[in-house]
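Chemist: Produce the entire structure from the sequences given, and follow the hints as far as they go.
Number of protein chains: 2
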Amino acid sequence: MAGFPFTIAATDGKARTGVLATPRGDIRTPAFMPVGTAGTVKALTVEQVAATGADILLGNTYHLMLRPTAERVQRLGGLHRFMRWDKPILTDSGGFQVMSLSKIAKVTEDTVTFQSHIDGSRHSLSPERSMEIQADLLGSDIVMQLDELVALPATPQRAADAMRRSARWGQRSKNAFGERDRQNLFGIQQGGLDHALRQESADRLREIGFDGYAIGGLAVGEGHQAMCEVLDFAPGMLPADRPRYLMGVGKPIDLVEAVYRGVDMFDCVLPTRSGRHGQAWTWEGAINLKNARFAEDDSPLDFTSAVSASRDYSKAYLHHLVKSQEILGQVLLSWHNLAFFQVLMSEMRAAIAAGTMTAFRDAFLARQRPSGRDTSA
Amino acid sequence: MAGFPFTIAATDGKARTGVLATPRGDIRTPAFMPVGTAGTVKALTVEQVAATGADILLGNTYHLMLRPTAERVQRLGGLHRFMRWDKPILTDSGGFQVMSLSKIAKVTEDTVTFQSHIDGSRHSLSPERSMEIQADLLGSDIVMQLDELVALPATPQRAADAMRRSARWGQRSKNAFGERDRQNLFGIQQGGLDHALRQESADRLREIGFDGYAIGGLAVGEGHQAMCEVLDFAPGMLPADRPRYLMGVGKPIDLVEAVYRGVDMFDCVLPTRSGRHGQAWTWEGAINLKNARFAEDDSPLDFTSAVSASRDYSKAYLHHLVKSQEILGQVLLSWHNLAFFQVLMSEMRAAIAAGTMTAFRDAFLARQRPSGRDTSA
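Protein sequences appear in the order of chains A and B. Every position in the first sequence, counted from 1, becomes a number in the numbering used here once 396 is added. Every position in the second sequence, counted from 1, becomes a number in the numbering used here once 396 is added.
The set of hints was computed from the structure by calculation and includes no laboratory data. Some hints here could point you the wrong way.
One copy or two, it doesn't matter: identical chains are merged, so the pair holds either way.
Straight-line Cα separation of at most 27 Å, BS3-like style, residue types lysine-lysine; simulated pairs [stated by the list, open to error]:
| no. | residue 1 | residue 2 |
| --- | --- | --- |
| 1 | K711 | K483 |
| 2 | K499 | K438 |
| 3 | K719 | K438 |
| 4 | K499 | K719 |
| 5 | K719 | K483 |
| 6 | K719 | K686 |
| 7 | K686 | K711 |
| 8 | K438 | K686 |
| 9 | K438 | K483 |
| 10 | K438 | K410 |
| 11 | K711 | K438 |
Modeler: Here's what the structure looks like:
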């Protein structure tokens, strides 16, 4: 496998910045991917998402295969056309949400059988079916192998078993995916918090050969410190010349620490989810717009922003919308948060190119409130 | 009182088209005003609202006086600046929602005392206080007198009493409003379905002298036919050289029949409310996007529209959003409906100018499904 051209323009310590060039457009790395769960980045139009500077979205195979179904998306021209996003889309394998949302019926070496959380209907997902859904029916640009996840804490044996099954499913995913010019397949490293398991997983993936490599099984409850400790070694186990993607991460502080340790791609529902709950992300951490101290604050969230939500509306107005449970409040805060996350990535790309990533990280950490939370909320 | 310059460019039967020229911009009549209840047209940015062609918004005094309070809006620079809408705003008096939403404590000749539906706090609204809120604190361009409403059906005596009290409150509203160059005050005709009461009300209002005249007390449950019968005579009782505003109306069929009978201005929550509930308005009536027949309908709601929501998204995608209860579905359908209502008004202005309003009305009525509803829903 060759994979989309991936050019690393600069490195700074372990951090790297570059471009992954896909037929649907360049992805500037380190990149943050907004999550378009069910064919929509929640509450936002694709024009609003594009205005934040996002180069790529993530779509959830589990949600889409249940509703409107992958076959229907294909009949309607594929996921890009269906949701009107013509830049790249990465889809997950469906495995994570099968484990977290559905009622699992049975996991065998061959397949996962489960019941829909929407209507209880029965479905199954195998590596081969996941490839068919992602690559052929949805038409994803970056396809993820199916992997098996275990909740942390897990026994060493359970973590090892899941990692090895994931590697076998990775081989089956690759066999089913085949060779494609306009789509890439990423493998997923597992192994929990264990150095030896992470190394074995990376070795197995490298042997199979993927277009990119994800770090899976983190941000599942282990905490920021434990995650950083795994990130001290896990990215370096993966091929340096291909993109490294940390799945489901995270808070701005997680993104900074992971980029610092050599990760290139991220996705997380946090900016849109916290926006729907009245929170705005800032350089000091998250603030809750419902807080009374914003009731007559006439300043915008970020007067330097390219995005209207951040630049043009007063905090007092946003406070009013949140207090009044107005949909526009959810729209504007989701939009602002995505814009903030993109500015954060842009600032990190610039810092790496300038060789100042360590100083950027130090300055960023110094500005965060102790808990990273709005202590006055 | 002189009022904003109102130029009637053409008439066709009783229908008129023209321009009400305000310091914040021209209002093309017949005009439909989207409702920005609590300082936001629900689910939409002001840019999205402006893109539909709306020349003026309506704000609700009752909602704003309770939250964030009119005094706070004033401290934040007035309603236009607060919500970022720099074109004209008409505010209602607060009376209608005091009657319909709050727990009324007491109505006297002097004032209405009521409890907030939000937190039970006590407030009062008099003609003088309504003027202060609308004209001085919110900074409305078109201010409505306080009136007293009665639910239909009402006894003739009750309707007459409320009409006469409304006239007295109209005089007090005018006394409190005074003379203003950059703001207008509209009186409100009452009198229920009764010709003589409507005439007496119009005579009293004309004697007081307002900048514009609203027809109140309709669209409160009397039905389309009864409303049309009142509209056969009520608009003609009001001064022909000033704008006539039918409050709280309505469905497209109501708008067509009222314009045909000489009404110039309208407001209604219908387009945004029905959009939030999955309905889209079309030339054939309302359709429910949740209906399974749209599941694979790849066509947009209106490929000729200037608005993205109507033109760019397939009905299949909107169906998916509605079924999945996605906020974006509420956004896009609210946006489409407002755009449709504005196109309807624009088509009527063109028909009046061309002298073809009768043909337009006949063609419009012929295209409506029998009930004006989606019979397959």
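Chemist: Give a verdict on every hint.
Modeler: Hint-by-hint comparison with the structure:
1. K711 <-> K483: So K711 and K483 pass the 27 Å test across copies only (22 Å; inside, 32 Å).
2. K499 <-> K438: within (24 Å within a copy, 36 Å between copies)
3. K719 <-> K438: This pair counts as both: shortest intra-copy Cα distance 20 Å, inter-copy 14 Å.
4. K499 <-> K719: Between. Shortest inter-copy distance 21 Å satisfies the 27 Å Cα cut-off; intra-copy 36 Å does not.
5. K719 <-> K483: between (35 Å within a copy, 26 Å between copies)
6. K719 <-> K686: Within. Shortest intra-copy distance 6 Å satisfies the 27 Å Cα cut-off; inter-copy 30 Å does not.
7. K686 <-> K711: within (10 Å within a copy, 36 Å between copies)
8. K438 <-> K686: For K438 and K686, the Cα distance is within 27 Å both inside one copy (20 Å) and across copies (19 Å).
9. K438 <-> K483: Within one copy, since 18 Å is at most 27 Å while 30 Å is not.
10. K438 <-> K410: So K438 and K410 fail the 27 Å test inside a copy (34 Å) and across (47 Å) alike.
11. K711 <-> K438: This pair counts as both: shortest intra-copy Cα distance 22 Å, inter-copy 18 Å.
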